[in-house]
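K.L.:
The chain contents come next:
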Amino acid sequence: MFEGIPLHWFLILGTIMFFVGIYGFLTRKNLITILMSIELILNSVNINFVAFNKFLYPDHLEGMFFTVFIIAVAAAETSIAIAIIINIYRRLVDIDVDKMNKMKY
Amino acid sequence: MTTNQLMFIIFSAIIIIFSVMTVTSRRILRAATYLLFVLVATAGLYFLLQFNFLAAIQLTIYVGGIVVLIIFSILLTSHIGDRLEAPGWKKIVPAILVATFGAVITLITVLQFDFPTKAITGSERTDIREIAKSLVSTEKFGYSLPFEVISILLLAAMVGAIILAKKRED
Numbered sequence: 001m002f003e004g005i006p007l008h009w010f011l012i013l014g015t016i017m018f019f020v021g022i023y024g025f026l027t028r029k030n031l032i033t034i035l036m037s038i039e040l041i042l043n044s045v046n047i048n049f050v051a052f053n054k055f056l057y058p059d060h061l062e063g064m065f066f067t068v069f070i071i072a073v074a075a076a077e078t079s080i081a082i083a084i085i086i087n088i089y090r091r092l093v094d095i096d097v098d099k100m101n102k103m104k105y
Numbered sequence: 001m002t003t004n005q006l007m008f009i010i011f012s013a014i015i016i017i018f019s020v021m022t023v024t025s026r027r028i029l030r031a032a033t034y035l036l037f038v039l040v041a042t043a044g045l046y047f048l049l050q051f052n053f054l055a056a057i058q059l060t061i062y063v064g065g066i067v068v069l070i071i072f073s074i075l076l077t078s079h080i081g082d083r084l085e086a087p088g089w090k091k092i093v094p095a096i097l098v099a100t101f102g103a104v105i106t107l108i109t110v111l112q113f114d115f116p117t118k119a120i121t122g123s124e125r126t127d128i129r130e131i132a133k134s135l136v137s138t139e140k141f142g143y144s145l146p147f148e149v150i151s152i153l154l155l156a157a158m159v160g161a162i163i164l165a166k167k168r169e170d
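As given, the protein sequences belong to chains P and U, one line each in that order.
Be aware that the first sequence starts at 1, since it is given in the working numbering, and climbs by one per residue.
Be aware that the second sequence starts at 1, since it is given in the working numbering, and climbs by one per residue.
Derived from the structure by calculation, the hints contain no laboratory data.
Just so we're clear, the structure is a prediction, and the values are computed from it rather than from any experiment.
There may be inaccurate statements among the hints.
[To be verified] In silico EDC-like cross-links for lysine to aspartate or glutamate, where the CA-CA straight-line distance does not exceed 20 Å:
| hint | chain 1 | residue 1 | chain 2 | residue 2 |
| --- | --- | --- | --- | --- |
| 1 | U | Lys90 | P | Asp98 |
| 2 | U | Lys140 | U | Glu130 |
| 3 | U | Lys133 | P | Asp59 |
| 4 | U | Lys90 | P | Asp59 |
| 5 | U | Lys91 | P | Asp59 |
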């Protein structure tokens with residue numbers, strides 16, 4: 001079904017996506033955009049897991065289950081993060097990471 | 001060039017272009033929309049690899065759940081017309097350096113390694129019956145313990161999100 005696609009293409013794609021996510025994580029200031037960068041990073045890892053599963057161990061489903069669990073953890077993480085962000089917005093009326101210094105000693 | 005290669009190239013082009021636009025767009029709602037395109041194209045890649053169940057999960061949870069949640073929180077916390085302030089060069093240059101060096105080192109390592117890929121026989125077990133069996137089995141290659149742990153984690157996350165976002169009485 002996917003003859004002609006080498007495994008390395010998937011790994012290159014995953015690497016580029018991962019480091020684009022890292023770039024966003026380092027440059028963004030708004031908390032929600034940082035969260036979106038984290039989603040990109042998790043998604044690139046999922047692509048790698050699935051590709052390894054299909055190309056190296058096609059008769060097992062390990063990579064697929066890891067991906068399912070990563071998606072579940074990402075969903076939990078996003079819901080908690082957004083609850084925290086809304087709470088911060090309610091208290092400080094701003095969600096820039098630079099301006100969050102209320103808990104600084 | 002086969003059809004599969006063409007599909008892969010289309011999907012990966014969508015993924016890479018929209019990932020870059022997600023992290024560089026200065027309008028936050030547009031960034032969320034670009035993230036939506038990235039996630040849909042990833043689901044397309046899963047379909048290409050014949051992980052139909054996984055692609056369905058990706059579409060329902062990521063696209064239907066997480067992105068909608070992110071868009072809701074954007075609407076709650078920022079004004080739509082606002083543009084995010086552009087990051088200064090002091091931030092962009094180190095970030096580009098880190099990302100480029102990391103990507104180059106990872107790509108060199110990955111491309112040098114010779115993965116022992118197996119021939120695809122066409123009898124792979126990716127139908128929903130096999131997935132369900134191994135998800136609740138306690139034998140070898142069974143995933144019942146992580147399954148239970150993830151259910152407890154999701155319950156805890158649900159309770160925690162409600163408690164955190166609840167309006168305080170005081």
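K.L.:
Now tell me, hint by hint, if it's right for this structure.
P.N.:
How the hints compare with the structure:
1. For the given pair, Lys90/U sits about 14 Å from Asp98/P by alpha-carbon distance, which is consistent with the 20 Å threshold.
2. Our distance criterion of 20 Å between C-alpha atoms is met by Lys140/U and Glu130/U, whose separation comes to about 14 Å.
3. Between the alpha carbons of Lys133/U and Asp59/P the distance comes to roughly 15 Å, so the proposed pair stays at or under 20 Å and holds.
4. For the given pair, Lys90/U sits about 49 Å from Asp59/P by alpha-carbon distance, which is inconsistent with the 20 Å threshold.
5. Of the supplied pair hints, the one linking Lys91/U and Asp59/P is violated, its CA atoms being roughly 46 Å apart against a limit of 20 Å.
The structure fails hints 4, 5 (numbered hints given earlier, in ascending order).
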